[in-house]
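Chain A is already provided as a structure; the job is to place chain B on it using the hints.
Each chain, letter by letter, is given below.
There are 2 protein chains.
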Amino acid sequence: MHVPGLTQARVVQIERDILSKNDGYAAENRARFAAAGTFALNFVSSPGSGKTTLLVKAITDLKDQHPIAVIEGDQQTANDAERIRATGAPAIQINTGKGCHLDAHMVGHALEQLPPMQGGLLFIENVGNLVCPAAFDLGEAHKVAVLSITEGEDKPLKYPHMFAASDLLLLNKIDLLPHLDFDLAATIEYARRVNPKIEVLTVSAKTGEGMPAFYAWIAKRAAAARAAATAAE
Amino acid sequence: MHVPGLTQARVVQIERDILSKNDGYAAENRARFAAAGTFALNFVSSPGSGKTTLLVKAITDLKDQHPIAVIEGDQQTANDAERIRATGAPAIQINTGKGCHLDAHMVGHALEQLPPMQGGLLFIENVGNLVCPAAFDLGEAHKVAVLSITEGEDKPLKYPHMFAASDLLLLNKIDLLPHLDFDLAATIEYARRVNPKIEVLTVSAKTGEGMPAFYAWIAKRAAAARAAATAAE
Numbered sequence: 268m269h270v271p272g273l274t275q276a277r278v279v280q281i282e283r284d285i286l287s288k289n290d291g292y293a294a295e296n297r298a299r300f301a302a303a304g305t306f307a308l309n310f311v312s313s314p315g316s317g318k319t320t321l322l323v324k325a326i327t328d329l330k331d332q333h334p335i336a337v338i339e340g341d342q343q344t345a346n347d348a349e350r351i352r353a354t355g356a357p358a359i360q361i362n363t364g365k366g367c368h369l370d371a372h373m374v375g376h377a378l379e380q381l382p383p384m385q386g387g388l389l390f391i392e393n394v395g396n397l398v399c400p401a402a403f404d405l406g407e408a409h410k411v412a413v414l415s416i417t418e419g420e421d422k423p424l425k426y427p428h429m430f431a432a433s434d435l436l437l438l439n440k441i442d443l444l445p446h447l448d449f450d451l452a453a454t455i456e457y458a459r460r461v462n463p464k465i466e467v468l469t470v471s472a473k474t475g476e477g478m479p480a481f482y483a484w485i486a487k488r489a490a491a492a493r494a495a496a497t498a499a500e
Numbered sequence: 268m269h270v271p272g273l274t275q276a277r278v279v280q281i282e283r284d285i286l287s288k289n290d291g292y293a294a295e296n297r298a299r300f301a302a303a304g305t306f307a308l309n310f311v312s313s314p315g316s317g318k319t320t321l322l323v324k325a326i327t328d329l330k331d332q333h334p335i336a337v338i339e340g341d342q343q344t345a346n347d348a349e350r351i352r353a354t355g356a357p358a359i360q361i362n363t364g365k366g367c368h369l370d371a372h373m374v375g376h377a378l379e380q381l382p383p384m385q386g387g388l389l390f391i392e393n394v395g396n397l398v399c400p401a402a403f404d405l406g407e408a409h410k411v412a413v414l415s416i417t418e419g420e421d422k423p424l425k426y427p428h429m430f431a432a433s434d435l436l437l438l439n440k441i442d443l444l445p446h447l448d449f450d451l452a453a454t455i456e457y458a459r460r461v462n463p464k465i466e467v468l469t470v471s472a473k474t475g476e477g478m479p480a481f482y483a484w485i486a487k488r489a490a491a492a493r494a495a496a497t498a499a500e
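So the sequence lines, in the order shown, correspond to chains A and B.
At the far end of the first sequence sits residue 500, using my numbering, and the numbering has no gaps.
At the far end of the second sequence sits residue 500, using my numbering, and the numbering has no gaps.
To be clear, the hints were calculated from the coordinates, so they are not data collected in a lab.
Check each hint, because a few of them may be wrong.
Treat identical chains as interchangeable: a pair holds within one or across any two.
Dumping the calculated DSSO-like pairs for lysine-lysine here, alpha-carbon to alpha-carbon at most 27 Å [as the list claims (entries may be wrong)]:
{"#": "1", "residue 1": "K464", "residue 2": "K365"}
{"#": "2", "residue 1": "K487", "residue 2": "K330"}
{"#": "3", "residue 1": "K330", "residue 2": "K473"}
The structure displayed is predicted, hence computed values, not measured ones.
Isolated chain A (complex conformation) (with noise of 0.2 Å):
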């Protein structure tokens, strides 16, 4: 669209200096991340995946080996961040109001305001959206895409931005399956389309069925991230 005084080239530029200034902050956290041995996951979603049920059952079952906090973000409530406290895990809630993503400016903040987490787990619960989150990194290791069995098959190649940006694919509410027609194999082939590197596992957070493999995972990538770590210093 035409914006009144400004050319479309300028609007492009506009975008880059937003991004680039996101990625300034973005290398920021990581190194804080990485001063501290924090592994940090940025957990990317339509809204109502069932996100924060998921972060609360992985809390309650890792919440004795690690310490964790989570970064919540949403346009209003502290609902998600009261829930995620619930298990004892301190939570920083963020409005973002009108946005529709965090950027890494906000987490630098929220990160002012957690207790120090050597060797521990950071869980970013990003705004319910399937588009803008996709451009921001926050810093994080990884992106950890969730998508609801009851979304449908087709939304890696809909959204195939966030789905490229992800690492993980979490296919959740797969308790749900026998109540629905959902095709498994081609929701998994369309996030290879679309990311042909992304692993995928299918988890219920609501009856915990799948969630060892996702602990799994992220024992071994914090692994490698810490490994990695050493072997930069």
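Okay, now just chain B, sitting in the frame of chain A:
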């Protein structure tokens, strides 16, 4: 976030200019709809709420009574337009690329490719996103929010702008209610908290349950829109 070379006031001004320019195009679309007696609805929701299945069902049931056309918005693929065309209705697919919503300018271009539809219905299916489409008027008579009951109760509170901007809320996939822990009354209460005037219908696009009430809503609102247009002549 700070953007190099732009003050915060300038960023706000640019956003205002974009919305003002959009509103100009939306007014043109609205005048075109009024002149043709077209009743246009803008369907907004999360990805995977079942909008396309809902439109296919509605077109199948209503196409003998009205000319119907569809404009489809997605980041990528023409999947949805193809599903619509299988009903016999004309459909134009708009791919937004990295964009997170349709705008009135895109819709104006799509209208040029559709046949004239004197006294017809135009269904616009927006990009699946509970944030960005809220601010963009496309010239429609009403925004219709579709919420799958698999997404949980709290979406109206967490994405209030979308539910405030919508005149009708369709709670879809009601056939799954026996398999979910879903509080229908709480969801309706939350929607009315952000928008006291919103009308709410429960439907299953898959089984057809509740769809006649949606068709009655369309007939009533379309008649009211035509009466208002006649009175304005």
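- request: Please work out whether the CA atoms of K487 and K330 approach to 27 Å or closer within one copy, between two copies, in both situations, or in neither?
  value: This pair counts as within: shortest intra-copy Cα distance 17 Å, inter-copy 55 Å.
- prompt: What label fits K330 with K473 when the C-alpha limit is 27 Å: within, between, both, or neither?
  reply: within (18 Å within a copy, 41 Å between copies)
query: From the Cα coordinates, with 27 Å as the cut-off, is the pair K464 and K365 best called within, between, both, or neither?
result: So K464 and K365 pass the 27 Å test across copies only (21 Å; inside, 33 Å).
Consistency note: the structure conflicts with none of the earlier hints.
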